[in-house]
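Visitor: Chain by chain, the residues:
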Amino acid sequence: MKIDVEAVAKLARLGLTPEEKKLFTDQLSRILEHADTLKKLNTDKVEPTSHAIPMKNVLREDKVIPFQDLVSILANAPQAEEGMFRVPRIVE
Amino acid sequence: MCPASWNNLTAHELHSLLKSKQISSVELTEAVFARIEKVEDKVKAYVTLTKDEALKKAKAADKNQDFSPLTGIPIAIKDNMCTKGILTTCSSKILANYLPPYDATIVEKLAAAGAVPVGKTNLDEFAMGSSTENSGFHTTHNPWDLNTVPGGSSGGSAAAVAADECILALGSDTGGSIRQPASFCGVVGLKPTYGRVSRYGLVAFASSLDQIGPITRDVTDAAWLMNVLAGHDPKDSTSVNQEVPDYRKSLVNDVKKFRIGLITDLMGKGTDEAVKAAIKDAARKLQSLGAIVEEVSLPTFEYAVPTYYLIAPAEASSNLARFDGVKFGHRSKEAPDLLTMYYHTRREGFGAEVKRRIMLGTYALSAGYYDAYYLKALKVRTLIKQDFEKAFKHFDVLISPTAPSPAFKIGEKSADPLSMYLSDIATIPVNLAGLPAISLPCGFAYGLPIGLQIIGEAFAEEKLIQVAYTYEQNTEWHKKKPSL
Chain A
1 MKIDVEAVAK LARLGLTPEE KKLFTDQLSR ILEHADTLKK LNTDKVEPTS
51 HAIPMKNVLR EDKVIPFQDL VSILANAPQA EEGMFRVPRI VE
Chain B
1 MCPASWNNLT AHELHSLLKS KQISSVELTE AVFARIEKVE DKVKAYVTLT
51 KDEALKKAKA ADKNQDFSPL TGIPIAIKDN MCTKGILTTC SSKILANYLP
101 PYDATIVEKL AAAGAVPVGK TNLDEFAMGS STENSGFHTT HNPWDLNTVP
151 GGSSGGSAAA VAADECILAL GSDTGGSIRQ PASFCGVVGL KPTYGRVSRY
201 GLVAFASSLD QIGPITRDVT DAAWLMNVLA GHDPKDSTSV NQEVPDYRKS
251 LVNDVKKFRI GLITDLMGKG TDEAVKAAIK DAARKLQSLG AIVEEVSLPT
301 FEYAVPTYYL IAPAEASSNL ARFDGVKFGH RSKEAPDLLT MYYHTRREGF
351 GAEVKRRIML GTYALSAGYY DAYYLKALKV RTLIKQDFEK AFKHFDVLIS
401 PTAPSPAFKI GEKSADPLSM YLSDIATIPV NLAGLPAISL PCGFAYGLPI
451 GLQIIGEAFA EEKLIQVAYT YEQNTEWHKK KPSL
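Chains A and B are the protein sequences, given in the same order.
Numbering of the first sequence is given in my numbering, commencing with residue 1 and proceeding in unit increments.
Numbering of the second sequence is given in my numbering, commencing with residue 1 and proceeding in unit increments.
Everything labelled a hint here was simulated from the structure, so no lab data went into it.
Backbone N, C-alpha and C fix where the C-beta goes; we use that ideal spot for every residue, glycine too.
Hints are not guaranteed to be accurate.
Said to hold, decoys possible - Think about it this way: if two alpha-carbon atoms lie no more than 25 Å apart in a straight line, the pair counts; the simulated DSS-like pairs of lysine-lysine are: (1) A:10 with B:109; (2) A:22 with B:327; (3) B:327 with A:40.
Claimed, not checked - Sample of chain A residues facing chain B (criterion: CB under 7 Å; computed from the structure): (4) 13; (5) 38; (6) 42; (7) 43; (8) 73; (9) 77.
Generate coordinates for the entire structure from the input sequences, incorporating the hints supplied.
Guide: Structure follows, in structure tokens:
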């Protein structure tokens, strides 16, 4: 199994160094080979489990509870301006 | 009593001393920091120390008239749990400067209980790893042998408890991250049932598997800490609204008629002979105390590691999408446009293991591979869960080694991710099934501790605690200390 590492990295918005690309191509192939052992199990009639403990949707009243400390939220931003997060230009 | 040795007592012992005013929380906290000063250079358990805040809380605890069990007790918190205004890094460069604007629910609960947080402990970056070697900052050393790993990902917390650099600690466990380091460091680690403890404010790795729990010197302390941690939280929609028992009532020295299953699938060729011998001894011990011990096979266990390493990375790849350089954390200086900003920020901020898992998870979820990998893994997860259900028809609890070997050498597995992944073989099935399990010391090999894992049904923490407590009360392993 050979993974197209560049295509996957692009989907994940993940920059990789040339060394990482080479390393991951080998390592991920080995890991997936190991994962292929699952194919030995017949799961045709098995339901998937996404959560081990049965759960239902948890609903609450759609009420806005304002967070009081906006300053400390924005203090974590790499760039903030006028109470907003600043990012590089998106639209030309 | 010599003040220098207060820091190596248990919380329940210290509680009596604090309550009777034989010592103060300030003195105890000073003793803990004196110990940190002495050994932290060698152990490197912490990422951040909060001495000033700790002493303030200790002072407040000393004035407190209403003395609850954890009042004035120093505790270490794994650095993936949010602490308001105190660095919370997940041992990742991408969060190196993150100051949370809020406290995790369990941090609020500790504060309400009067506990004294002393610092944030090291982990494998974003809790991904089994040795702390994946920390973006430094590797923690095992107090029993500084050339070996403390286990992971909660290696900092386990090492801090073992090295007497705190009294109690919190860990989080996604595939064994509380139990395996507890086993490697010779301490007690309890992973509660999924949903028993709030995850609000725990930086998410794999949301269907993550759970917070205690790392302590003995089973009694684990039960005390569980009393504070457990409970429903409206802020965590996966936390379960079910009454919390008083876990201290399960500290009963009696296993008569308990039906205990020894998992043979974890006693095979992949497990170290000395570990097998220690687990067999533990089984005999429980039998001599009146338990009925029989062997049991859970054949799907051999598929647990590949199942986990598809599900956990898939969830991680989606959870870690939030680290994009926009709202918090690192942003690359090379950010001419948004897309380039994402690529560079994540390339610079994440370490190799995190990148590997994001890649693996993204692949397993991508069009064309989703059915073959992710969906297949979810179906095998069902089979693993059913294997447990079958076993629990006959047994109260199941036992096994916590890890196939004692602590390995630093560097021994770091170049080979797959061999590192396989070291989680005994702990991973438990997370996949959402069950509670505890690890406690049950012997030594090569001078390193061995852990006994006890697994229970969902919400059967009380049974785990009773069996673990009985074993502990009738053995001496938990009293052994590393010489640092």
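Visitor: Each of the hints needs a verdict: does it hold here or not?
Guide: These are the hints, each one checked on the structure:
The suggested pairing of residue 10 (chain A) with residue 109 (chain B) is violated, with an alpha-carbon distance near 41 Å, which exceeds 25 Å. Our distance criterion of 25 Å between C-alpha atoms is broken by residue 22 (chain A) and residue 327 (chain B), whose separation comes to about 31 Å. A distance of roughly 44 Å separates the Cα atoms of residue 327 (chain B) and residue 40 (chain A); the hinted pair therefore is violated under the 25 Å criterion. For the restraint placing residue 13 (chain A) at the interface with chain B, the shortest Cβ-Cβ distance is roughly 4 Å, inside the 7 Å limit, so the hint holds.
Hint on residue 38 (chain A) holds. Least Cβ distance to chain B is approximately 5 Å, under the 7 Å limit. The closest approach between the C-beta of residue 42 (chain A) and any C-beta of chain B is roughly 10 Å, which is over the 7 Å cut-off, so the hint fails. The interface hint given for residue 43 (chain A) is met, as the beta carbon of that residue sits about 4 Å from the closest beta carbon of chain B, less than 7 Å. For residue 73 (chain A), the interface hint holds, the least distance from its beta-carbon to any beta-carbon of chain B being 5 Å, beneath 7 Å.
The interface hint given for residue 77 (chain A) holds, since its Cβ lies 6 Å from the closest Cβ of chain B, which is under the 7 Å cut-off.
The structure fails to meet hints 1, 2, 3, 6 from the earlier list, while all remaining hints are met.
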